[in-house]
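S.K.: Top to bottom, those sequences are chains A, B and C. Okay, so the first sequence: first residue is 53 according to my numbering, each after it adds one. Okay, so the second sequence: first residue is 78 according to my numbering, each after it adds one. Okay, so the third sequence: first residue is 9 according to my numbering, each after it adds one.
Hints were generated in silico from the structure; no laboratory data involved. Since the model is a prediction, treat every value here as computed from it, not as a measurement. Don't be surprised by glycine CBs; every beta carbon is placed ideally from N, CA and C. Hints are not guaranteed to be accurate.
Simulated crosslink set (DSSO-like; lysine-lysine; CA at most 30 Å straight-line) [stated by the list, open to error]:
1. B:K327 x A:K250
2. B:K420 x A:K213
3. B:K197 x B:K225
4. A:K79 x B:K620
Some chain A residues well away from chain C (every beta-carbon gap over 10 Å; in silico) [claimed, not checked]:
5. M53
6. T109
7. E129
8. P132
9. Y157
10. P163
11. S176
12. A230
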Amino acid sequence: MTQYGFYFDGTRCTGCKTCEMACKDYKDLPMGFAFRKVYEVEYGATTRDAEGIVSTTCANYSLSLSCNHCDQPACVEVCPTGAMHKDPDTGLVTVSQQRCVGCGYCHMACPYNVPKVDRGRGFSTKCDGCAERLTQGDLPVCVGACPARALSFGPVDQMQKMGARASVSPLPVDSLTAPNLYVHASDDFLPAEHPEGKVANPLEVK
Amino acid sequence: MEESMGVSRRGFVKGAGALGALAAVGTTAAASPALFGAGSSASALPEEKVTWAHCAINCPGRCSLRFHVVDDEVTWVETYTDPTAPFDDPQPRACLRGRSYRRWLASPDRLSYPMKRVGKRGEGKFERISWDEAIDLASGKLKEVIEKYGNEAVYIPYATGVSATTARPFNRLMSLLGGYLGFYNSYSTAQISTITPYMYGPKGNTGSSLAAAEKSELILMFGSSPTETRQGGLTTHYDWVSLREKTKAKIYMIDYRLNDSITNHSTQWVPINPGTDAALVAGIAHYLIKHDLIDLDFLHTYCVGFDEQTMPEEYRGKNLSYRAYVMGEGYDKVEKTPQWAAKITGISAQQIEALAQEVGTAKPLYVVQGWGSQRRSNGEWAAWSVMALPCLVGQVGLEGTNNGTREDRTSPKSVSMPVGKNPVGAKIPCFMFTDAIDHAERMTAKNAGVRGTDKLNVGIKYMINYAGNCLTNQHSQINLAHDILADESKCEFILGIDTVLCDSLKYADVILPDLFRFEQTSQISTGSDVAYMITGTACTPPKFERKTAYEMASMIAERFGVREKFTEGKTEDEWIEELYEQARQQDSKLPTWEEAKKMGVYTQKHAPVVSMRKFREDPEANALGTPSGKIEIFSAKLLSDTADWEFGKDDTLPGMSTLLPIPAYFPEWYGIETTTDEHPLLLSGFHYRGRLHSSWGSIPQMKEVNPQEAWINPADAEPRGIRGGDTVRVRNEFGQIELLAKVTGRVVPGVVAVSQGAWHDADMYGDRVDRGGCINTLTTQRPSPLAHGNPQHTNICQVERV
Amino acid sequence: MEAAFAELPLALFTTLAPLGAGALLAMALVGLVAPSALAGEGASRALGVRGLVALAVAAVGFAASLFHLATPAHAPYVLANVGSSPLSNEIAAGVAFLVVGAVFCALLLFGRPQVAALTAACVVMVAVALAFGWFAGQAYVMRTIASWNTVLVPVQVVGFMLLEGAILAQVLLRGGALDVAAGDARARRALACLVVVGAVVGALAFAAQVMAVQGMVTPLVSGAQLLAEVGVFLWLSVVLLLAAGGLAAVTALKGLGQVPAGLALALAVAGVFIARLVFYATQVSAGL
Ligand SMILES: Nc1nc2c(c(=O)[nH]1)N[C@H]1C(S)=C(S)[C@@H](COP(=O)(O)OP(=O)(O)OC[C@H]3O[C@@H](n4cnc5c(=O)[nH]c(N)nc54)[C@H](O)[C@@H]3O)O[C@H]1N2
Ligand SMILES: Nc1nc2c(c(=O)[nH]1)N[C@H]1C(S)=C(S)[C@@H](COP(=O)(O)OP(=O)(O)OC[C@H]3O[C@@H](n4cnc5c(=O)[nH]c(N)nc54)[C@H](O)[C@@H]3O)O[C@H]1N2
Ligand code: SF4
Ligand code: SF4
Ligand code: SF4
Ligand code: SF4
Ligand code: SF4
Ligand SMILES: [Mo]
């Protein structure tokens, strides 16, 4: 099997959300759904002293996240129907609409908050790595959308050369599900589980 | 100029085998399509058509779009992209907004038929009418107004929704009909564009390319967020990311908020109080002078007004030089020490000194500004100060430097449809059109910057508002704008042309439904470090009763019997092609029309531009267009031009009777030094990634992930009991808005930041509380002193939890 | 509690299915400890009928769970991952319970079970009901959900099941040919025992599990804050559970009338239902 995965360059990303909206358009997602979400982490403070002088320790960074097509996918583990499955050839984790019962356990279990049941359509939805494009030799829509060229996709041995397996806040430690997301972190990044690593834009990643 | 058509020729890579490894994926997945969920449905669809287009909004990106169309319905919007291309391969990829056009073009709120107003102005009540009736109404009233008041009563307001080579049909039309009241300035750059010619002369004053900064040692960026305001994949967003990666220079971003261009690189942020950039520069200048880090040779050879030695004759011996100002010998007689600057800017004296030390020693130094620090009540002087900074240390006209203006952008040759000569000479500053509706008779050259005539003869009685939301939403003091526009005895008729019922259109008497530029043939040239041109064709035939603006203008021309003159017998497509041929005559390397249409995207690479290089090489032979031919740090012309002007309170330093002829600091009207007990916080705007001004402001999918928020520091939020996500009310003497709170250390304490452009949403015949969170409910219509420009970032406010 | 109400069908399911299952468990236990009380065709039939009522309550719970599914038509697939998916396990246990429960009732209704056969049937019924309760709780134990990844989760569900089930059994096993609760002392002691054990184990396991959320934080949520929002409900449900247990123990031992037993049942069901909502409201992921 050749496991495929994403690469994300935190030194290039500007948090612009083009990846997210391009995916939303291509996948024709309804309101309330996004297969890729851009998280913002902020820490430190900007303060003003009695003399009016401003000082700052504030830092922030953005991280664009879709499904990581994990090696130990929690979503697959809990799925009762086998709808959520990992492709034996590509390692992509996708939902079979014909099987999915829409129980939402994958949504509960995924520590990346990725799958979400679309009750209107009756099944769990999530990033499928643009599998249908891969069959035509194309790359995922999000990757080709990024104006800052912060995203790549391909066999993980190639992604590994550019970044380290994601273990950065606000994501959980990589040992949990072994995500196939490789990250080139900027100096602002905090390690996973850092107490100061808080999502600063919760309204935008609901 | 280096030419690179390779990229364009390669065109769109689809299954080009570039992904060798993925071919294997292909086979497996194809063999078991069910595994990939819905993918299999694609094969069942009827044939897909793909068209090129460009984003035509007022954004320098003008990025490429690729419309995927099935059965005359757009299924998704792509862009020019080859995801496997190396980083340096130029690709004008569209931003999140471009990629969301489908939501707008197919929006249920899209205008589809001509309409006439049936409610009060601003109420938003309209009734469908026929094209004939619409054109009759619009033309009939236009005739009447011209006959009764003359052509000066007709106005085409500042409106930026469409950019293309044929985007100004109504100006052309009005030129043929006897003319119209003109405007000068823009809402974008009124202050900086007005001050720059005083300093650098009217021509050749543009900045260096961003790529030129690769070679510098220190980059100072004032009031700019290139990744937010130029978001595409081949505009400054990309250039900025690329520069940051390539340069060894240290970068400082001076902004009152940690903007998105700093995100991921937070150490680059120098937080500053809004409206105080001039004070920072003065503080730095003081240190440079004290520590002998000034480039006196440069200042004496290339500039006037730094010190007595180069002051114009008649101003010598009066302590009117910039040096005298800084050292406390002239003007306000206050020494501009770093300690002085610290109190105003909020930047500590030590930090100012350290910054000054770096500015004085780093070579090359690249100083650049956006337009955020100039869209202010003292913006002319803020912009001027930032431009003066590199001059103080002689870092202008050399490799790796910039002249302190905004970074240069290049663009392939292009020719626009002639708008004709406007027989009416009178012009107003675009920001003052509501004054010209309300009290034109009181507006003169001396009190309102009227040009081409001493005073206006008649108020604005007829407006053609095409592709703009500047009547209310993007203008200022919306409640006042409403009162002026709602009075039908003042401006008697407003023709509105748009794609959606934006707030401004609610004041229109007749509305015409436009086609987007990607629903017709269209061409545009643009670029930044790399130049590019996009040629597009219609993605779908016109739907409902929508028409092109060119057609609309032709129909009105017809009623006046000038259709032939207007069209010159050409269709718009023929115009575009012909204009392009004219451009090709000036640049033979441009592809043929047919090639251009086919490739969609054409790019040209350039060597980085260094601003004012020639002037630096030989200042005599290449003298500037200023009175002295040199860089004017003191401008006698500014004094003489404004000698008998009437000024408002606080338009200059206290005690002075003229405007400031040097790049000095004076407090904003509504600024850090002028808050009140009632309105103790500053309120400033910025341009938001989720909209282009108000465009996309009504698209639910965009609003969902780009919420309208008031940024507020925890130090200001906590005492007010405000938590992130709460609904807050921001108010001042001009009105009230409601929006969500973003409690964040990304904004300096004492300042509330509200992104401009949200859709105004108030019952204007009721409580007028704007629940859309449009900052222009809270901005003033008072123009800035010299440019008569929009000081929309200069505001004070109070905030409370709702 | 917003998150909790989104899980309303699940809360109903995990309240009602264990209620019915627990009642059958309690009836079977009565059959074990007081076989003489069931001697005679009339008594065994009566038990069968009441067993069916309990089974129906459980079935209503299962039916409610279908509302939780986006495509109930695909429900048969949920058994696909028995062994690996905790949800498959739960459903498998649930189906086993329904089948065994139905057979158990049928046996009582139509068979003439000998004491030995009856005992065996009762043992199986108790075991299968217990297993269902356990796996119903276990369905939430996922390694990526920090707040639920504890044995206290199945323990609390089993506790709830015993408490509410035994009270329902007490209510059902009254009157007519079979007034076990009024008659046999051993049966009454057994029921009292069940409610006390159920109330104490359920309430303690529940409170301990939810309180542990206090110290959990993720980049998105703070357990302390979640807890602050639901604290009142947490303690309300604990009080209800203990009160129901106490009251039911007294009614069982003293053989009091239907009204206090019914009141105990109402308290227990309300307590369990609120506990379930609190449980869903305090989900804390190991990640986002
Ligand atoms: N407070 C504050 N106010 C500001 C600013 C600020 O910084 N702060 N910035 C100012 C600046 S720099 C500017 S440039 C102005 C911009 O102000 P506007 O020029 O009013 O820009 P938009 O709000 O984008 O409005 C463009 C309109 O064009 C319409 N449109 C888009 N495409 C088409 C089309 O194809 N055909 C037609 N007919 N219509 C179309 C859109 O629906 C929209 O209503 O705002 C100014 N206002
Ligand atoms: N996404 C998006 N892009 C746009 C637009 C849009 O609406 N949305 N509008 C387009 C148009 S027409 C224009 S004119 C340009 C506008 O481009 P700009 O005028 O450059 O944009 P602004 O966001 O107003 O200001 C840039 C930065 O200056 C900061 N700033 C504001 N006041 C001060 C100050 O006093 N001092 C300092 N040092 N910094 C300050 C702001 O916080 C902001 O980060 O953007 C264009 N691009
Ligand atoms: S498109 Fe690129 S730069 Fe923008 S948020 Fe996504 S990854 Fe970041
Ligand atoms: S990111 Fe979540 S949904 Fe995707 S494979 Fe990993 S666990 Fe499953
Ligand atoms: S919602 Fe569908 S994919 Fe997710 S766990 Fe349930 S059955 Fe599996
Ligand atoms: S790979 Fe495809 S589905 Fe997944 S986030 Fe990117 S565009 Fe969306
Ligand atoms: S960057 Fe500007 S021009 Fe490009 S797609 Fe976005 S809004 Fe349009
Ligand atoms: Mo602008």
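S.K.: Could you work out which earlier hints the structure fails to respect and list their numbers in ascending sequence?
M.R.: Of the numbered hints given earlier, those the structure breaks are 2, 7, 8, 9, 10 and 11, listed in rising order.
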